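*Asks:* Protein sequence lines, in the order shown, are assigned to chains L and P. Each residue of the first sequence is one higher than the one before, counting from 1 in the numbering used here. Each residue of the second sequence is one higher than the one before, counting from 1 in the numbering used here.
Certain hints may be false.
[Unchecked claim] Below, computed lysine-lysine pairings styled on DSSO-like, alpha-carbon distance capped at 30 Å:
id, chain 1, residue 1, chain 2, residue 2
1, L, K199, P, K76
2, L, K14, P, K76
3, P, K30, L, K197
4, L, K197, P, K25
5, L, K27, P, K76
6, L, K217, L, K197
7, P, K100, L, K169
8, L, K17, P, K24
9, P, K76, L, K200
10, L, K64, L, K230
11, P, K30, L, K169
12, L, K14, P, K25
[What the hints assert, rightly or not] Simulated coverage check for chain L against chain P, where a stretch passes if three residues somewhere in it have a Cβ under 8 Å from a Cβ of chain P:
id, stretch
13, 74 to 88
14, 99 to 112
15, 140 to 147
[To be verified] Per label pair, the in silico range of CB-to-CB distance:
id, chain 1, residue 1, chain 2, residue 2, range
16, L, L125, P, S64, 32 to 40 Å
17, L, E85, P, N21, 40 to 48 Å
18, P, E54, L, K230, 21 to 29 Å
19, P, N75, L, P189, 49 to 57 Å
20, P, E115, L, N22, 16 to 24 Å
21, L, K200, P, C94, 43 to 51 Å
22, L, G55, P, V116, 48 to 56 Å
Hints were generated in silico from the structure; no laboratory data involved. It should be emphasised that the depicted structure is a prediction, and the values quoted were computed from it without experimental measurement. Heads up, the beta-carbon is just placed ideally off N, CA and C, and yes, glycines get one too.
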Amino acid sequence: MCDTCGCSHEHNHKETKTIDLNQSLLKSNEEAAASNRKHFDEEGIFAINLISSPGSGKTTLLEKTIDALKEKINIGVLEGDIETELDAERIRKKGVPAVQITTGGACHLDSLLVHKAFHSLEHQLNGRKLDILFIENVGNLVCPSFFDLGEHLRVVLISVPEGHDKPVKYPKAIRTSQVLVISKTDLLPHFDFDMEKIKKDALSLNPSLTIFEVSAKTGDGMQEWIEFFKKHLLSHE
Amino acid sequence: MHEVSIALGMIEELMRIGRENNAKKITHVKLRIGRMSGIVTDSLIFAFDAVKLEHPLLSSAVISIEEVPLVYECNKCNKKFEIENFTFPSCPFCGSFGLKIISGEEQHIEKVEVEV
Chain L
1 MCDTCGCSHE
11 HNHKETKTID
21 LNQSLLKSNE
31 EAAASNRKHF
41 DEEGIFAINL
51 ISSPGSGKTT
61 LLEKTIDALK
71 EKINIGVLEG
81 DIETELDAER
91 IRKKGVPAVQ
101 ITTGGACHLD
111 SLLVHKAFHS
121 LEHQLNGRKL
131 DILFIENVGN
141 LVCPSFFDLG
151 EHLRVVLISV
161 PEGHDKPVKY
171 PKAIRTSQVL
181 VISKTDLLPH
191 FDFDMEKIKK
201 DALSLNPSLT
211 IFEVSAKTGD
221 GMQEWIEFFK
231 KHLLSHE
Chain P
1 MHEVSIALGM
11 IEELMRIGRE
21 NNAKKITHVK
31 LRIGRMSGIV
41 TDSLIFAFDA
51 VKLEHPLLSS
61 AVISIEEVPL
71 VYECNKCNKK
81 FEIENFTFPS
91 CPFCGSFGLK
101 IISGEEQHIE
111 KVEVEV
């Protein structure tokens, strides 16, 4: 006999409930990102998330950007990689505090990793305030675009050797970024790279995208990129 | 392979929701995933099914997914239309290229069914 209702046969009296959520699948990351952003805002820090495929020139662009800005602006860097301290060492050589985040296999940073790494960076600063925090993501044009880190600006790099078809192949990276840097433009004579097409495609995907053509090696286009930063920094203050 | 990270975050969140609602079991999770969200639904389910076994509250949960089509709205004539892929449609009504995506990028948990 059924214990619950006293009827003569066994059956299950399971009470079920439907909970309407309609919330993001990435809620836990987004909450931690919002808390990072709030912390950056309180500290007056402008945070930039740099994403790209491996080898597009994120670290080199960062080195040159640091050279151009560091006299007047306090910069800190979080370096994301699967393994090694190599990139953080490159940045420290520029006299800028840097913390390496090694994910040990994960192909993107998330907001909790950034939270922890930022606290380590704060220890290095000994109370000195930052104006800009650069977060260099793990080299990958797919996964990082899903994870808000609490940044104010997402910059995606596509280098000339990668080809002009990258925006249409990796639309989410373009859709979620505010700036596209087309890097290694000194290599244009050696590649069949259609500059007009990449810009047109990128702008179709994201009409408000700001696009720079830069060669960190020769310095071509660096001026515009640096001016953009100075302007952004002023408006952020 | 961002689907594993997404599944892990989702499981953490579902455990929280389960506890908050005093659930004995979570039986069903309904997701809404946009055609252009960039989430591979098979990979997400694969990752979820692999990890859920570690959590008694979730071990029998089944995921169902509603795929949301990619819908554009024309900035010029304000008409809406559905399209199969991202790459650069023009408005089929007026030919304009000024379009905005109004659905198709969703990555939502819509609802959860639990046993209490």
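*Asks:* Now tell me, hint by hint, if it's right for this structure.
*Replies:* We went through each hint and held it up to the structure:
For the given pair, K199 (chain L) sits about 22 Å from K76 (chain P) by alpha-carbon distance, which is consistent with the 30 Å threshold. A threshold of 30 Å between alpha carbons decides the hint, and for K14 (chain L) with K76 (chain P) the separation of about 54 Å lies outside it, so the pair is violated. Only pairs whose Cα atoms come within 30 Å are accepted, and K30 (chain P) paired with K197 (chain L) is rejected, the gap being roughly 40 Å. Distance hint between K197 (chain L) and K25 (chain P) is unfulfilled; the C-alpha atoms sit about 52 Å from each other, more than 30 Å.
Taken as a hint, the K27 (chain L) and K76 (chain P) pair is broken in the structure, with Cα atoms around 34 Å apart against an allowance of 30 Å. Taken as a hint, the K217 (chain L) and K197 (chain L) pair is honoured in the structure, with Cα atoms around 24 Å apart against an allowance of 30 Å. Using a Cα cut-off of 30 Å, the hinted pair K100 (chain P) and K169 (chain L) holds, with the two alpha carbons roughly 19 Å apart. For the hint pairing K17 (chain L) with K24 (chain P), the CA-to-CA distance comes to about 11 Å; that is within 30 Å, so the pair holds.
For the hint linking K76 (chain P) to K200 (chain L), the alpha-carbon distance of about 19 Å falls within 30 Å, and the restraint holds. The hinted pair formed by K64 (chain L) and K230 (chain L) meets the criterion: a straight-line CA distance of about 15 Å does not exceed 30 Å. At most 30 Å may separate the alpha-carbon atoms for a hinted pair to count; K30 (chain P) and K169 (chain L) meet this at roughly 29 Å. Restraint check for K14 (chain L) and K25 (chain P): the C-alpha separation of about 10 Å stays at or below 30 Å, so the hint holds.
For a cut-off of 8 Å, the count of residues in the stretch 74 to 88 of chain L with a CB near a CB of chain P stands at 0, and the three-residue condition is violated. Only residues whose beta carbon comes within less than 8 Å of a beta carbon in chain P count, and the stretch 99 to 112 of chain L has 4; three or more means the coverage holds. Counting residues of the stretch 140 to 147 of chain L whose beta-carbon sits less than 8 Å from any beta-carbon of chain P gives 5, enough to reach three: the coverage restraint holds. For the pair L125 (chain L) and S64 (chain P), the supplied restraint of 32 to 40 Å is violated, since their beta-carbon distance comes to about 48 Å.
For E85 (chain L) and N21 (chain P), the Cβ-Cβ distance of about 45 Å falls inside the hinted range of 40 to 48 Å, so the restraint holds. One distance hint, 21 to 29 Å for the beta-carbon pair E54 (chain P) and K230 (chain L), is violated here, with the actual separation near 50 Å. Between N75 (chain P) and P189 (chain L) the beta carbon distance is about 38 Å. The supplied range of 49 to 57 Å is therefore violated. For E115 (chain P) and N22 (chain L), the hinted distance range of 16 to 24 Å is satisfied, since their beta carbons lie about 21 Å from each other.
A hinted range of 43 to 51 Å for the beta carbons of K200 (chain L) and C94 (chain P) is inconsistent with their spacing of about 20 Å. For the pair G55 (chain L) and V116 (chain P), the supplied restraint of 48 to 56 Å holds, since their beta-carbon distance comes to about 52 Å.
Violated hints, listed in ascending order, are 2, 3, 4, 5, 13, 16, 18, 19, 21; each of the other numbered hints is respected by the structure.
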